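Enquirer: Sequence:
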Amino acid sequence: MDLLEKAQEFENRKMSNMSTSDRVEASREAKTLILSINEVYKETKDPNLMEVMKRLTEKKKKIEKRLNGVPLV
Numbered sequence: 001m002d003l004l005e006k007a008q009e010f011e012n013r014k015m016s017n018m019s020t021s022d023r024v025e026a027s028r029e030a031k032t033l034i035l036s037i038n039e040v041y042k043e044t045k046d047p048n049l050m051e052v053m054k055r056l057t058e059k060k061k062k063i064e065k066r067l068n069g070v071p072l073v
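full-length UniProt numbering applies: residue 1 is where the sequence shown begins, and numbers increase by one.
The hints are simulated quantities; they were obtained by calculation from the structure and are not laboratory data.
Since the model is a prediction, treat every value here as computed from it, not as a measurement.
No false leads were mixed into what you were given.
List time: in silico DSSO-like cross-link candidates among lysine-lysine, alpha-carbon distance up to 27 angstroms: (1) Lys61 / Lys31; (2) Lys6 / Lys62; (3) Lys31 / Lys65; (4) Lys45 / Lys60; (5) Lys6 / Lys59; (6) Lys60 / Lys42; (7) Lys62 / Lys31; (8) Lys6 / Lys54.
Take these sequences, add in the hints, and give me the full structure.
Expert: Structure, rendered in structure tokens:
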């Protein structure tokens with residue numbers, strides 16, 4: 001499955017030394033991957049797809065945390 005290969009490649013990609021624009025692009029890519037996998041998951045209910053989506057969401061949250069910064073309060 002092409003989506004799973006893209007997701008695997010995204011998970012294995014190094015996220016250190018990224019510029020802000022790279023982080024934004026990576027966050028958007030993660031979002032599109034998650035939504036695409038979700039469409040397939042709705043039809044098949046494959047638990048492996050859910051695990052992939054969870055891992056991608058976790059990585060996406062880390063990227064977005066770095067983008068938004070830590071709250072001051």
